[in-house]
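Same order as they appear, the protein sequences are chains A and B. In terms of the numbering used here, the first sequence opens at residue 1 and continues consecutively. In terms of the numbering used here, the second sequence opens at residue 1 and continues consecutively.
Hints in this document: simulated from the structure, not taken from any laboratory. Warning: the hint list may mix true and false statements.
[Stated by the list, open to error] Label-pair distances were calculated between CB atoms; the ranges are:
| hint | chain 1 | residue 1 | chain 2 | residue 2 | range |
| --- | --- | --- | --- | --- | --- |
| 1 | B | LYS63 | A | VAL248 | 46 to 56 angstroms |
| 2 | A | PRO288 | B | SER59 | 23 to 33 angstroms |
| 3 | B | ASP6 | A | ARG94 | 42 to 52 angstroms |
| 4 | A | PRO147 | B | TYR3 | 26 to 36 angstroms |
| 5 | B | SER59 | A | ASP170 | 49 to 59 angstroms |
| 6 | B | MET222 | A | ARG161 | 31 to 41 angstroms |
| 7 | B | VAL186 | A | GLY287 | 56 to 66 angstroms |
| 8 | A | ALA41 | B | ASP212 | 30 to 40 angstroms |
| 9 | A | PHE162 | B | GLU120 | 54 to 64 angstroms |
| 10 | A | LEU267 | B | VAL186 | 36 to 46 angstroms |
| 11 | B | LYS75 | A | SER318 | 28 to 38 angstroms |
| 12 | B | ALA171 | A | GLU110 | 30 to 40 angstroms |
[Stated by the list, open to error] Covered, in the sense of this in silico footprint (three residues per stretch, anywhere, with C-beta under 8 angstroms from a C-beta of chain A), are these stretches of chain B:
| hint | segment |
| --- | --- |
| 13 | 20-29 |
| 14 | 73-80 |
[As the list claims (entries may be wrong)] Over the 12 angstroms line for every Cβ pair with chain B, so calculated as not near, a few chain A residues:
| hint | residue |
| --- | --- |
| 15 | ALA60 |
| 16 | ARG101 |
| 17 | VAL190 |
| 18 | ARG214 |
| 19 | GLY223 |
| 20 | ASN280 |
We treat Cβ as the ideally placed atom computed from N, Cα and C, and that holds for glycine.
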Amino acid sequence: MSSRAKVTVVGAGVAGLTTALELSERGVTVEVIERGSSVGAGCSRMAGGMLAPWCERAAADEAVMRLGAPSIAWWLRHYPGTVRNGSLVVAPPRDTAELARFAERTENYEWRDADGIAALEPDLAGRFRRALFFPREAHLEPRRALPGLAEALAKRGIAIRFGVDKTEGDFTIDCRGLAARDVLPDLRGVRGEMVVVRSREVSLSRPVRLLHPRIPLYIVPRGEGVFMVGATAIESEAKGGVTVRSAVELLNAAYALHPAFGEAEILELGADLRPAFPDNLPAVRRGPNGLLVNGLYRHGFLLAPAMARQAAEILERSHADLRQRRSA
Amino acid sequence: MFYGVDLCSRLLLGTARYPSPRVLTDAIQASGAEVVTVSLRREAGPERSGQSFWSIIRSLGVKVLPNTAGCHSVKEAVTTAHMAREMFDTPWIKLEVIRDDETLQPDVFGLVEAARVLSEDGFEVFPYTTEDLAVADRLVEAGCRVLMPWGAPIGSARGLNNVYGLKALRAHFPEIPLVVDAGLGVPSHAAAAMELGYDAVLLNTAVAEAGDPVAMAKAFAMAIEAGRMAFEAKPLEPRDMAAPSTPVLGKAALGD
């Protein structure tokens, strides 16, 4: 397409920034507008940042794995803070049946025994007898990754205009998340809650998932002793703070993983709403002024690169059609 | 069948823990279930915050049986029931009063008390209980006209833990609709419950967390239909002696 045609990306969350970068790399002139005052100010900042297509497959549609697997390479290429150390899935001795159940529903894992677990995560030595290790998975810190993408955009000469929510541009890609409900009536919010803690005693090199029949949870190391514990998924659009019950469940999971978390300091309790379509899968749709990228649900960082690619391909095709019609 | 409402399907489905609302609606449709239970405690606050999810469920045109899952006391359960009546405009309430989160075992003392309070207030109570006869009797005395004994602990997929107890319950309450609620894992468990003469089966996890929830919903519906048909066809009682299907006396001796 012509490099002079300008595309406006609305929203500087994970969907908007990945889309802007993808388009720019394909030669499209892009600008990003954001109604807030910083990047990733919406629900992106609450994300776990796990790039775990095979772990997610255990409970999600096959499309999440298929679309998500290539995004690990995308993040490694675009954000140097991406860590590819795999992920570990453990279960308390009483619930080891959950591990077999998990394994049955996914792929690309290795079984680890107690010694194998200790070799990967020395601090978990002696705590679990069996685990699933997903060596190809990665993770990142969303609150650093999004500024990282903004920097990559800046290097390409693309500025983000903050405090702006209206555009006169002729083609927009709407990446506003739940705020786009005004044009996406089937979009709903699914509440998620998380806790950030700091421990000076435990260190982990990769996300660890703790299986539990009722409350499966994960702990993602953020570096410097900081850990994010997530996340609930409640069919509610209530915006209030973390409930006591959810906090107890999240903190219990951390404690069950390692009792030293009992001494950890709580840095943050956070709740927000994930934008989701009825099938809990993201989609690129055509809107009145362009495209809409939305519905990333629990898989913002995992699926945003695939959605950005889809949006870019649709854009390229429609411009190619236009050129063809003009020359005909 | 339930409080004067006649239904064709003998399968009631829970709506929690499906991979997505789309899968949930497909599973409900595949199962032919006419009643779905919804949990109020977590999924919606007083500000009706779970509206999008509810509107998806309402669009299916099925009857909603709100439940008090997650309630640990009579007071919580009664408050939740009132909220449910207001939200869903139905006197039906699936009453759960849980003793502790580890076992999710019904607190039968609180259950009976809450059932009495709610029945007196015009609710039509579906109590989630154990197969204990004395408790069942108390629940009926409290005004319940449906009983929902567990097959096994919630989500355990163990099937019917106490077939003798469930049989005895059926025999003691021939006129009360009985629903096996919770603990089933595979369709044969549901068929077994129906063969005991139970009126219906309530499921959630066994369908929601199956690899293919839609196919599993259908499989359960078929098993429930088969089990009911078998019950109505009056199955044989097991006996100790072999009973040949063709007479042996006077049979031609072959091979001499």
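Status of each hint after checking the structure:
The hinted window of 46 to 56 angstroms between LYS63(B) and VAL248(A) is violated, with their beta carbons roughly 34 angstroms apart. Distance hint check: the CB atoms of PRO288(A) and SER59(B) are about 25 angstroms apart, consistent with the given range 23 to 33 angstroms. Checking the proposed 42 to 52 angstroms range against ASP6(B) and ARG94(A) shows it holds: the Cβ atoms sit about 44 angstroms from each other. Under the hint 26 to 36 angstroms, the C-beta atoms of PRO147(A) and TYR3(B), about 59 angstroms apart, miss the expected range.
Taken as a hint, the range 49 to 59 angstroms is violated for the pair SER59(B) and ASP170(A), whose Cβ atoms sit roughly 36 angstroms apart. The hint said 31 to 41 angstroms for the Cβ distance between MET222(B) and ARG161(A), and at roughly 59 angstroms that hint is violated. A C-beta distance of roughly 45 angstroms is found between VAL186(B) and GLY287(A), which places it outside the suggested range of 56 to 66 angstroms. For the hinted restraint 30 to 40 angstroms between ALA41(A) and ASP212(B), the CB-CB distance of approximately 39 angstroms keeps it satisfied.
For the pair PHE162(A) and GLU120(B), the beta carbons lie near 59 angstroms from each other, so the given range of 54 to 64 angstroms is met. One distance hint, 36 to 46 angstroms for the beta-carbon pair LEU267(A) and VAL186(B), holds here, with the actual separation near 45 angstroms. The beta-carbon spacing between LYS75(B) and SER318(A), approximately 59 angstroms, falls outside the hinted interval of 28 to 38 angstroms. About 53 angstroms separates the C-beta atoms of ALA171(B) and GLU110(A), a value inconsistent with the hinted range of 30 to 40 angstroms.
Coverage of the segment 20-29 of chain B by chain A holds in this model, with 5 residues showing a Cβ closer than 8 angstroms to a Cβ of that chain against a need of three. A stretch counts as covered by a chain when three or more of its residues have a beta carbon under 8 angstroms from one of that chain; for the segment 73-80 of chain B and chain A the count is 0, and the coverage is violated. Against chain B, the non-interface label of ALA60(A) is violated: not every CB pair exceeds 12 angstroms, the least being about 6 angstroms. Annotated as non-interface, ARG101(A) brings its C-beta within 12 angstroms of a C-beta of chain B; the closest such distance is 9 angstroms.
VAL190(A), annotated as away from the interface, has a beta carbon of chain B within 12 angstroms; the closest lies near 8 angstroms. Listed as a non-interface residue, ARG214(A) fails to keep its Cβ farther than 12 angstroms from every Cβ of chain B; the least gap is roughly 7 angstroms. The claim that GLY223(A) is not at the interface with chain B holds, since no C-beta of that chain comes within 12 angstroms of its own (minimum 32 angstroms). In this structure ASN280(A) is not separated from chain B by more than 12 angstroms, as the shortest Cβ-Cβ distance comes to only about 4 angstroms.
Consistency with the previously given hints fails for numbers 1, 4, 5, 6, 7, 11, 12, 14, 15, 16, 17, 18, 20, ordered from lowest to highest.
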